[in-house]
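Enquirer: Put together the whole structure using the sequences plus the hints.
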Amino acid sequence: MQPWPWYVSGPLIALVMFFLIFSGRNFGMSGNLRIMCAALSGDKACDFFRFDWKAQRWNLVFALGAILGGFVAAEFLSTDTSVAITEGTIEKLTQYGFTDGGAAYLPEQLFSIDSLSNPYTLLLLAIGGFLVGFGSRYAGGCTSGHAISGLSDLQLPSLIAVIGFFIGGLFMVHFLFPILF
Amino acid sequence: MFKSEAASWFRIFEMFQFNSFHMYGIIGSALATGVIGIQLIKRLKLKSFSGEKIIIPPKAKGWKNYLFGGILFGLGWGLAGACPGPIFTLIGAGFLPLILVLAFAVLGTFVYGILRPKLPH
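In order, the protein sequences belong to chains A and B.
Residues in the first sequence are numbered from 2 upward in steps of one, following this note's numbering.
Residues in the second sequence are numbered from 12 upward in steps of one, following this note's numbering.
Please keep in mind that the hints were generated in silico from the structure rather than gathered at the bench.
This list has only true hints and no planted wrong ones.
Below, computed lysine-lysine pairings styled on DSSO-like, alpha-carbon distance capped at 27 Å: (1) A:Lys55 <-> B:Lys64; (2) B:Lys64 <-> B:Lys53; (3) B:Lys72 <-> B:Lys53; (4) B:Lys58 <-> A:Lys55; (5) B:Lys56 <-> B:Lys72; (6) B:Lys129 <-> A:Lys45; (7) A:Lys55 <-> A:Lys45; (8) B:Lys75 <-> B:Lys129.
Expert: This is the structure in structure tokens:
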């Protein structure tokens with residue numbers, strides 16, 4: 002099965018948000034990271050994790066659904082998962098030493114099992130993950146909470162957060178990639 | 012997420028290179044649908060499945076936490092090529108190194124919780 006075009010996936014994402022809103026909930030994936038902190042006894046460490054996380058267990062179920070969705074999509078709905086990025090992007094990636102642009106779903110160099118034996122790769126993945134977790138909570142949300150939910154409701158704080166997402170992402174890709182890779 | 016390739020590190024890199032419309036198409040069409048839907052909910056005063064009034068809580072005012080937190084998130088998004096949703100999706104798809112990314116995302120959230128009183132908001 003072919004990849005889904007943007008005009009199918011985009012509105013589907015909005016439908017997921019509506020489903021959650023009509024269920025009296027809200028669309029926010031990074032909330033799960035906070036729930037996990039609370040569930041892992043983070044409430045003993047500080048007030049920020051002292052909340053009724055069990056009332057938000059539905060969100061963990063939602064994350065479980067995302068895991069299941071990834072499994073089904075990769076196992077049963079895809080034959081070739083290589084991502085058809087543009088020639089210009091592939092060329093740029095080659096400069097950074099990524100040789101599988103256009104031929105894979107994720108770069109081998111960062112996400113293959115072999116990469117786990119490379120300490121430098123582990124460090125990059127750890128830093129990336131840490132920043133995603135720290136930044137999304139500091140900003141009060143991630144792409145789902147701000148870029149989709151917040152902007153759909155025309156909220157200024159979400160616009161500021163999304164501008165921040167792009168400042169960070171552009172700085173990483175254009176100024177830090179040449180140093181890191 | 013997986014089938015739209017929004018969970019692909021390559022697509023995120025391409026988006027930050029402004030080399031393709033794909034990711035902007037996904038976010039843009041999600042937003043267009045989202046804005047229209049939310050306006051309908053508000054104007055028509057639609058009720059939830061359980062018949063209650065729908066309240067969409069406004070985000071707290073301010074800008075520092077949104078901007079600073081947003082920039083840090085963006086740095087991580089650009090590097091790991093995955094935001095929280097796709098991290099889960101990719102683990103399901105069998106990309107096990109994402110478990111490490113998730114563990115450190117939880118750790119990052121935890122450290123934020125500890126440092127929260129000292130950070131500008």
